[in-house]
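**Q** Taken in sequence, the protein lines are chains S and E. In case it helps, numbering that gives the first Met the number 0 puts the first sequence at residues 0 to 506. In case it helps, numbering that gives the first Met the number 0 puts the second sequence at residues 0 to 506.
Where hints are given, some of them may not hold.
One copy or two, it doesn't matter: identical chains are merged, so the pair holds either way.
[Said to hold, decoys possible] Computed list of lysine to any residue pairs in SDA-like fashion (alpha-carbon distance at most 20 Å, straight line):
(1) K13 x A74
(2) K101 x R90
(3) K13 x R127
(4) K13 x L47
(5) K13 x A50
(6) K13 x R90
(7) K496 x G152
(8) K13 x A46
(9) K101 x R54
What the hints contain is simulated information worked out from the structure, not anything from laboratory work. Quick caveat, the model's predicted, so the values are computed rather than measured.
The chain contents come next:
There are 2 protein chains.
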Amino acid sequence: MSPEPVREALEELKTHLAVIADLESAAAVLDWDQHTYMPPGGAEGRALQLATLGRIAHERFTSARTGALLDAAEARGGALDPRSDDAALLRVTRRDYTKASKLPAEFVAELHRAASIGTHVWEEARARNDFALFLPHLERIFELKRREADYLGYREHPYDALMDAYEPEMTSREVRALFDRLVEVTVPLVRAIAARPAPRTDMLEREYEEAPQRAFGMAMAQAFGYDLNRGRLDTSAHPFSTGFGRDDVRITTRFGRSGLGAVFGIFHEAGHAMYNQGIAQALERTPLGDGASYGVHESQSRLWENLVGRSRAFWEYAYPALRRAFPAQLEGADADAWYRAINRVQPSLIRIHADEITYNLHIILRFELEQAVLTGALRPAELPEAWNARMASYLGVTPSTDTDGVLQDTHWAAGLIGYFPSYTLGNVASVQLFEAARRRHPDLEDQIRRGEFGTLLAWLREHVHEHGRKYSPQDLLVRATGGPLSPEPYLAYLKAKFGELYGLAAA
Amino acid sequence: MSPEPVREALEELKTHLAVIADLESAAAVLDWDQHTYMPPGGAEGRALQLATLGRIAHERFTSARTGALLDAAEARGGALDPRSDDAALLRVTRRDYTKASKLPAEFVAELHRAASIGTHVWEEARARNDFALFLPHLERIFELKRREADYLGYREHPYDALMDAYEPEMTSREVRALFDRLVEVTVPLVRAIAARPAPRTDMLEREYEEAPQRAFGMAMAQAFGYDLNRGRLDTSAHPFSTGFGRDDVRITTRFGRSGLGAVFGIFHEAGHAMYNQGIAQALERTPLGDGASYGVHESQSRLWENLVGRSRAFWEYAYPALRRAFPAQLEGADADAWYRAINRVQPSLIRIHADEITYNLHIILRFELEQAVLTGALRPAELPEAWNARMASYLGVTPSTDTDGVLQDTHWAAGLIGYFPSYTLGNVASVQLFEAARRRHPDLEDQIRRGEFGTLLAWLREHVHEHGRKYSPQDLLVRATGGPLSPEPYLAYLKAKFGELYGLAAA
Numbered sequence: 000m001s002p003e004p005v006r007e008a009l010e011e012l013k014t015h016l017a018v019i020a021d022l023e024s025a026a027a028v029l030d031w032d033q034h035t036y037m038p039p040g041g042a043e044g045r046a047l048q049l050a051t052l053g054r055i056a057h058e059r060f061t062s063a064r065t066g067a068l069l070d071a072a073e074a075r076g077g078a079l080d081p082r083s084d085d086a087a088l089l090r091v092t093r094r095d096y097t098k099a100s101k102l103p104a105e106f107v108a109e110l111h112r113a114a115s116i117g118t119h120v121w122e123e124a125r126a127r128n129d130f131a132l133f134l135p136h137l138e139r140i141f142e143l144k145r146r147e148a149d150y151l152g153y154r155e156h157p158y159d160a161l162m163d164a165y166e167p168e169m170t171s172r173e174v175r176a177l178f179d180r181l182v183e184v185t186v187p188l189v190r191a192i193a194a195r196p197a198p199r200t201d202m203l204e205r206e207y208e209e210a211p212q213r214a215f216g217m218a219m220a221q222a223f224g225y226d227l228n229r230g231r232l233d234t235s236a237h238p239f240s241t242g243f244g245r246d247d248v249r250i251t252t253r254f255g256r257s258g259l260g261a262v263f264g265i266f267h268e269a270g271h272a273m274y275n276q277g278i279a280q281a282l283e284r285t286p287l288g289d290g291a292s293y294g295v296h297e298s299q300s301r302l303w304e305n306l307v308g309r310s311r312a313f314w315e316y317a318y319p320a321l322r323r324a325f326p327a328q329l330e331g332a333d334a335d336a337w338y339r340a341i342n343r344v345q346p347s348l349i350r351i352h353a354d355e356i357t358y359n360l361h362i363i364l365r366f367e368l369e370q371a372v373l374t375g376a377l378r379p380a381e382l383p384e385a386w387n388a389r390m391a392s393y394l395g396v397t398p399s400t401d402t403d404g405v406l407q408d409t410h411w412a413a414g415l416i417g418y419f420p421s422y423t424l425g426n427v428a429s430v431q432l433f434e435a436a437r438r439r440h441p442d443l444e445d446q447i448r449r450g451e452f453g454t455l456l457a458w459l460r461e462h463v464h465e466h467g468r469k470y471s472p473q474d475l476l477v478r479a480t481g482g483p484l485s486p487e488p489y490l491a492y493l494k495a496k497f498g499e500l501y502g503l504a505a506a
Numbered sequence: 000m001s002p003e004p005v006r007e008a009l010e011e012l013k014t015h016l017a018v019i020a021d022l023e024s025a026a027a028v029l030d031w032d033q034h035t036y037m038p039p040g041g042a043e044g045r046a047l048q049l050a051t052l053g054r055i056a057h058e059r060f061t062s063a064r065t066g067a068l069l070d071a072a073e074a075r076g077g078a079l080d081p082r083s084d085d086a087a088l089l090r091v092t093r094r095d096y097t098k099a100s101k102l103p104a105e106f107v108a109e110l111h112r113a114a115s116i117g118t119h120v121w122e123e124a125r126a127r128n129d130f131a132l133f134l135p136h137l138e139r140i141f142e143l144k145r146r147e148a149d150y151l152g153y154r155e156h157p158y159d160a161l162m163d164a165y166e167p168e169m170t171s172r173e174v175r176a177l178f179d180r181l182v183e184v185t186v187p188l189v190r191a192i193a194a195r196p197a198p199r200t201d202m203l204e205r206e207y208e209e210a211p212q213r214a215f216g217m218a219m220a221q222a223f224g225y226d227l228n229r230g231r232l233d234t235s236a237h238p239f240s241t242g243f244g245r246d247d248v249r250i251t252t253r254f255g256r257s258g259l260g261a262v263f264g265i266f267h268e269a270g271h272a273m274y275n276q277g278i279a280q281a282l283e284r285t286p287l288g289d290g291a292s293y294g295v296h297e298s299q300s301r302l303w304e305n306l307v308g309r310s311r312a313f314w315e316y317a318y319p320a321l322r323r324a325f326p327a328q329l330e331g332a333d334a335d336a337w338y339r340a341i342n343r344v345q346p347s348l349i350r351i352h353a354d355e356i357t358y359n360l361h362i363i364l365r366f367e368l369e370q371a372v373l374t375g376a377l378r379p380a381e382l383p384e385a386w387n388a389r390m391a392s393y394l395g396v397t398p399s400t401d402t403d404g405v406l407q408d409t410h411w412a413a414g415l416i417g418y419f420p421s422y423t424l425g426n427v428a429s430v431q432l433f434e435a436a437r438r439r440h441p442d443l444e445d446q447i448r449r450g451e452f453g454t455l456l457a458w459l460r461e462h463v464h465e466h467g468r469k470y471s472p473q474d475l476l477v478r479a480t481g482g483p484l485s486p487e488p489y490l491a492y493l494k495a496k497f498g499e500l501y502g503l504a505a506a
């Protein structure tokens with residue numbers, strides 16, 4: 000078959016999909032604005048505008064026209080190189096279309112309403128430490144998500160159906176095995192660290208002014224390669240990254256009263272943003288123009304935040320500039336003391352403030368509780384107790400309030416069940432990717448020590464960013480690193496880094 | 000007929016129109032962002048997103064479904080009180096629908112493209128003082144606008160068809176008569192003023208820092224009644240006001256290196272914004288949820304900028320605060336000197352910097368040139384010469400470059416032919432409205448002198464703002480002031496104010 004008919008069918012499909020991409024980008028702008036600049040009075044109207052954009056995009060994507068255009072392009076798709084962007088576009092779009100079409104529009108609207116109300120009630124419940132207030136909404140959300148899993152279908156576990164939105168083709172069984180291995184190694188590691196003297200962290204308790212934090216953080220983000228011609232920083236209650244196409248990818252951070260959390264927030268979000276900025280131009284306004292999965296996305300934020308941004312090599316380069324920005328706050332602390340302070344390991348109650356090691360235990364706890372509620376093994380009413388019991392067993396600490404416990408995250412209220420594993424999968428993948436880049440460029444750490452990040456970014460661009468969603472996360476990782484996702488490089492990294500920091504004997 | 004069928008038909012129509020209003024609000028957010036925060040790289044994608052939103056909104060509004068819903072509601076509309084919001088909704092929507100349906104979608108897209116390219120080329124032409132570069136685009140735009148007028152239809156003059164977008168049901172003949180009268184009175188007035196000693200304006204040449212300008216300007220805007228719970232100020236290259244529903248209406252200003260232009264920009268845009276904030280909740284997400292016309296909108300901005308913001312009474316109240324904000328810049332200038340400085344009349348080249356009197360002559364010049372080109376009496380190539388000749392005759396000044404002449408405004412490049420008269424109609428109406436409010440509240444000026452603006456705003460809310468587009472601009476003005484649009488109150492105001500300022504004998 001000549002390539003012409005397939006090209007025509009593809010062009011028609013792409014034009015159709017580009018309109019949907021535009022609607023999604025428009026919604027993302029409205030969402031960004033809602034979290035950065037929107038005056039309080041705008042909330043109600045904005046919710047309606049976002050619902051309208053979401054509904055029109057969903058209607059168009061699940062329309063018979065999408066199906067017909069896909070059918071036509073696929074019928075002629077034999078002419079395509081299976082490794083081409085176009086072949087990938089057909090695969091991914093078909094997959095998205097099949098999934099989206101399984102959910103009745105009415106059910107999707109119901110879920111959005113429940114999540115919207117749930118989020119409002121959760122905010123109040125968290126502020127008032129009142130789990131009972133939130134409980135009926137939580138029950139409703141889990142019930143709906145269970146129905147969603149049934150609509151979508153699954154082989155082994157309803158959790159797989161939900162997690163697929165964040166980690167395509169990943170199974171609970173695989174995640175469970177990986178998490179078991181993490182628990183096996185990190186729980187004793189945390190205990191061993193707890194038995195060692197803690198580093199001084201008094202400099203983190205001091206007050207850091209906003210302007211020099213912003214200047215330092217953004218100077219570093221730009222040095223990493225975050226392109227401000229196609230991006231910008233604003234402030235919001237919770238840091239995030241969002242993009243409206245590859246040429247407008249923005250980040251936010253939050254400036255606290257003490258410590259340099261905003262700077263690490265910038266590193267993290269810049270990692271996400273550089274991923275989107277690096278997606279190939281050819282994938283723009285198609286379903287391929289996004290990250291391969293939430294976990295792969297998180298691998299990029301964690302790589303820049305932790306593997307670069309909390310490394311000894313990086314601070315050998317960056318600490319003099321930080322000291323110049325904050326001479327009073329860092330008085331009497333050298334680069335080594337600083338490095339030790341920002342890498343302190345200490346079991347704590349709040350996930351988003353957790354250190355590199357204990358962070359994953361927070362995730363595993365949530366994964367287990369979500370699975371148990373979804374199968375009916377645990378009732379939502381039993382979540383606070385189950386939460387506290389697991390906190391004690393994994394981390395040795397118990398929240399004294401539900402606000403610091405089961406109510407701390409917005410995810411469940413927003414209907415994001417199956418999302419948490421991506422955070423830890425990202426941590427795990429970040430080390431595999433970094434190690435692969437270092438095998439190719441053995442002097443990578445020396446480069447970082449000199450403040451040179453171009454080689455690392457170029458490697459990530461070539462092996463991760465530019466492909467967008469062209470490859471499945473699994474394929475992407477094999478292509479980039481030579482092997483599938485594995486916890487061992489990550490565990491070796493944790494043991495080496497924190498073994499050195501805390502003077503532990505090599506296992 | 001029972002009210003139920005009409006209510007049902009109306010509800011269905013309103014639901015349909017609300018979706019279109021949401022799309023338009025979303026586009027307005029994207030447009031606001033594009034002028035305030037968007038990084039340069041985002042321009043291309045943003046143009047595509049805006050085109051998509053515009054196309055979908057236009058398709059939906061001109062769809063057969065809108066026609067059918069309108070037909071159904073109108074067929075049952077006999078049950079409606081003709082003075083009700085619902086009856087007005089049917090009238091205005093039918094009018095908009097009939098107009099929009101006259102323009103082929105392809106033609107609308109062509110016009111958008113020409114305006115988009117035209118604006119880009121105009122920017123370059125203005126920067127390079129190169130009218131020849133812009134000319135072919137200007138010719139194309141006038142040609143398309145002439146075609147638009149033919150599509151829309153008109154009785155007397157093609158200009159009427161275009162002006163209708165900004166001033167519904169206004170004719171060139173009416174505008175011409177009003178403008179003739181303005182020329183008749185203001186040209187000699189400007190000459191008489193030129194023969195008098197000029198006030199000192201040295202304090203306007205000084206440098207005013209941004210932060211206290213912002214603080215003072217916004218303190219005043221809030222005192223006027225601009226609600227920051229439903230609004231905010233940002234900066235942009237050209238000041239504007241925009242709304243995404245009545246509960247999120249934003250303004251921008253621009254901070255120059257000298258003078259207090261940013262403050263008067265805030266007053267002006269806050270006047271626009273308070274109009275939208277005051278539209279009745281019941282009109283939200285309907286075609287009635289906007290200003291009655293561009294002229295009526297401008298009457299609100301001019302009222303707060305000039306009739307309040309450049310009045311003696313206002314500065315008796317506000318000058319002490321301004322002096323506290325800028326003690327060095329205002330050293331040796333009392334409230335009277337300040338009042339005289341900001342009201343200096345001086346023929347000048349640039350419309351947006353013109354004083355209250357000469358401003359209208361700039362507008363009249365543009366109105367005449369637009370009409371002449373539209374009828375073929377003048378070729379676009381002849382515009383620079385015609386421009387300069389009229390500048391000399393109306394204002395006694397001649398631009399030495401096209402950048403300061405025919406290339407100064409973006410309107411023609413953007414396809415906004417027929418728009419300029421609204422500026423002067425707004426000036427004229429602002430005085431009629433202010434006088435009507437003063438007839439009702441004779442102590443209005445004393446209130447302003449005390450910094451009390453609530454009575455004025457409440458009067459405007461009741462007689463202008465809350466009605467949105469429910470009444471035609473003509474009806475609105477008659478209802479609010481007791482009479483139709485007339486230049487006489489405005490001319491009397493100018494003669495009184497500037498006669499006193501320049502010590503002219505009363506005519």
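**Q** If a hint holds in the structure, say so; if it does not, say that too.
**A** Tested hints:
1. For the homomeric pair K13 and A74, the shortest alpha-carbon distance inside one copy (16 Å) is at most 20 Å, but the shortest distance between copies (42 Å) is not.
2. In this homomeric assembly, K101 and R90 come within 20 Å of each other (Cα to Cα) only inside a single copy, at 17 Å, whereas the closest approach across copies is 42 Å.
3. Taking the shortest Cα distances, K13 and R127 never come within 20 Å of each other, neither inside one copy (49 Å) nor across copies (39 Å).
4. For a Cα distance limit of 20 Å, the shortest separation of K13 from L47 across copies, 14 Å, qualifies, whereas the shortest one inside one copy, 28 Å, does not.
5. In this assembly of identical chains, the alpha carbons of K13 and A50 lie at most 20 Å apart only when taken from different copies (16 Å versus 24 Å within one copy).
6. For the identical chains of this complex, K13 and R90 are intra-copy neighbours only, at 13 Å inside a copy versus 40 Å across copies, given an alpha-carbon limit of 20 Å.
7. Proximity of K496 to G152 under the C-alpha cut-off of 20 Å is found in neither arrangement, the shortest distances being 42 Å within a copy and 77 Å between copies.
8. When the C-alpha separation of K13 and A46 is checked against a cutoff of 20 Å, the pair qualifies only between copies, where the shortest distance is 18 Å, while the shortest distance within a copy is 29 Å.
9. In this homomeric assembly, K101 and R54 come within 20 Å of each other (Cα to Cα) only inside a single copy, at 15 Å, whereas the closest approach across copies is 29 Å.
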